[in-house]
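Participant: Residue-level listing of the chains:
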Amino acid sequence: MALLTIENLHKSFADQVVLDGIDLQVDEGEIVVVLGPSGSGKSTLLRCINFLEQPEQGQIRVASASVDAAVARNRDIQTLRRQTSFVFQNYALFKNKTALDNITEALTVVKGMSAKDAEEVGRKVLSSVGLADRADAWPSELSGGQQQRIGIGRAMALDAPLMLFDEPTSALDPEKVHEVLELMKVLARQKRTMIVVTHEIPFAREVADRIIFMDGGKVIEQGTPEEVLDNPQDERTRAFLRQVL
Amino acid sequence: MMNSFDFDFAAGLLPQLISALPATLGMTALATLLALTLGMLLAVVQVTRIRGLNQLADIYISFFRGTPLLVQLFLLYYGLPQVFPELTTVTAFQAVILGLGLHFAAYMAEIIRAAIISVDRSQMEAALSVGMSYGTAMRRIVLPQASRIALPGLMNTFIDLLKSTSLAFTLGVAEVMSRAQQEAASSFNFLESYLVLALVYWALVVVMTWVQKLTEKRLGEAY
Ligand SMILES: Nc1ncnc2c1ncn2[C@@H]1O[C@H](COP(=O)(O)OP(=O)(O)OP(=O)(O)O)[C@@H](O)[C@H]1O
Ligand SMILES: [Mg+2]
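Heads up: the protein sequence lines correspond to chains S and Y, in order.
Heads up, the final residue of the first sequence is numbered 244 in numbering that gives the first Met the number 0, and it's a clean run with no missing numbers.
Heads up, the final residue of the second sequence is numbered 222 in numbering that gives the first Met the number 0, and it's a clean run with no missing numbers.
Bear in mind the hints are in silico, worked out from the structure with no lab data behind them.
In this text the structure is predicted, and so the values were computed from the model without any measurement.
Some hints here could point you the wrong way.
Once the Cα atoms are required to be at most 20 Å apart in a straight line, the calculated EDC-like pairs of lysine to aspartate or glutamate come out as [to be verified]: (1) Y:K216 <-> S:D233; (2) S:K217 <-> S:E52; (3) S:K184 <-> S:D75; (4) Y:K216 <-> S:E140; (5) S:K94 <-> S:E55; (6) S:K94 <-> Y:D5; (7) S:K115 <-> S:D158; (8) S:K217 <-> S:E205; (9) S:K94 <-> Y:E220; (10) S:K110 <-> Y:E124; (11) S:K175 <-> S:E118; (12) S:K110 <-> S:D75; (13) S:K94 <-> S:E27; (14) S:K94 <-> Y:D7; (15) S:K190 <-> S:E27; (16) S:K94 <-> Y:E215; (17) S:K190 <-> S:D26; (18) S:K123 <-> S:D75.
Okay, chain S solo, but in the shape it has when bound (with noise of 0.2 Å):
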């Protein structure tokens, strides 16, 4: 059943057409990829089924949630956020706060948790990206990889039934890329349904249900990933592996 419907989205900054008419089902967890060439709306999209852009125009629908874009009212947005969460490139801890705090902050002032039931979520979340000793860890005080692992923690703790990722190993050094890719085939192994923005192709290869390709603001080719990868179609998707394999 699908859990993310887009329909007809449509997104544009000034008069640079960004998003060009998306349609887009996601199943109940299905693990999507998407790949595509620089500026081609991979982030846009993203950002827009969680209304961290507004799209001009379109349907966009998660669980229980649905937004016209056209109409969108607040309440009905901060509905749609609910039921996603989000790791980000540059992964976005909030500077003011410790690791265990980034990942409790929500869970007492968004889901209305007790503090101390919070804690005991944050502290098995920390557990399960490896991090239990760092709990008190300002932002600061962490390397790129431990960061992007305590986002994803943040994200996890959600518990949100759709999970999007924007290149959540581009900004990592090398060797840190792998500790944060394994974090998330681990949340790929748990059947949560997840789109992720990525040039990781083996991590694609190996944990996609299914790969998207996009240019242009539109979606040119989608398909397992021995079709995507192997089989491309599409004369753009081509150019596109070819750079990048």
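Following the hints, position chain Y with the ligands against chain S.
Facilitator: Same frame as chain S, but now just chain Y with the ligands:
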């Protein structure tokens, strides 16, 4: 021949000035509270660009930065009661608090606004992405980070405000400046009077600066 410095007079004046300090400190504290609250509101209005209010905030800041504090105090205390007779019941003490509060709110608004803008946009986005409302995100994530950036500037303004309470003597408030002025006038010991007065202000500012250092350290521990 030059008069020699009258140490006994100076030593005797100090306790007198200290006894007038509560008025100075009271005006400082209440005006700061008003300036900070109003400054914060003005800054948030400007950052969120609330239509209509935003323009009002611009005009407010422009006026209160664009005219001398003393003129504003006279306008408030002597001028407005001519139009609104109810205002004649406002004491000079209250008028100074109001005047200083309104005036320095404009400066604090600018400092706070700049500090909010300097917090990376991704902080707000991350807060929204975990489901916070804009207001909650502002309160829990952005403003705490902005406060660290704003602190040195706000402290400057605060010190400026403290010293500006000396203008209250022109409205007849019995604070340290007016006490020193009286003593100077009746004894002709101008140098002693104003020097001791200057030292009293200086001591206050030194204490504040010390508090600022401690606060900066505490707010900075996350960075
Ligand atoms: N806030 C913005 N204001 C103006 N233009 C923007 C904004 N955000 C993105 N764009 C433009 O929209 C287009 C798509 O950007 P987007 O970030 O979605 O691409 P992307 O596929 O994620 O690229 P990359 O692989 O480099 O991250 C680009 O041309 C970009 O310059
Ligand atoms: Mg991008």
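Participant: Evaluate each hint against the coordinates.
Facilitator: Outcome of the hint check:
no. : hint              : verdict
1   : Y:K216 <-> S:D233 : violated, 58 Å
2   : S:K217 <-> S:E52  : holds, 17 Å
3   : S:K184 <-> S:D75  : violated, 32 Å
4   : Y:K216 <-> S:E140 : holds, 16 Å
5   : S:K94 <-> S:E55   : violated, 32 Å
6   : S:K94 <-> Y:D5    : violated, 56 Å
7   : S:K115 <-> S:D158 : holds, 18 Å
8   : S:K217 <-> S:E205 : violated, 25 Å
9   : S:K94 <-> Y:E220  : holds, 11 Å
10  : S:K110 <-> Y:E124 : holds, 18 Å
11  : S:K175 <-> S:E118 : violated, 27 Å
12  : S:K110 <-> S:D75  : holds, 17 Å
13  : S:K94 <-> S:E27   : violated, 33 Å
14  : S:K94 <-> Y:D7    : violated, 56 Å
15  : S:K190 <-> S:E27  : holds, 8 Å
16  : S:K94 <-> Y:E215  : holds, 16 Å
17  : S:K190 <-> S:D26  : holds, 11 Å
18  : S:K123 <-> S:D75  : violated, 31 Å
In this structure, the earlier hints numbered 1, 3, 5, 6, 8, 11, 13, 14 and 18 are contradicted, and the remaining ones agree with it.
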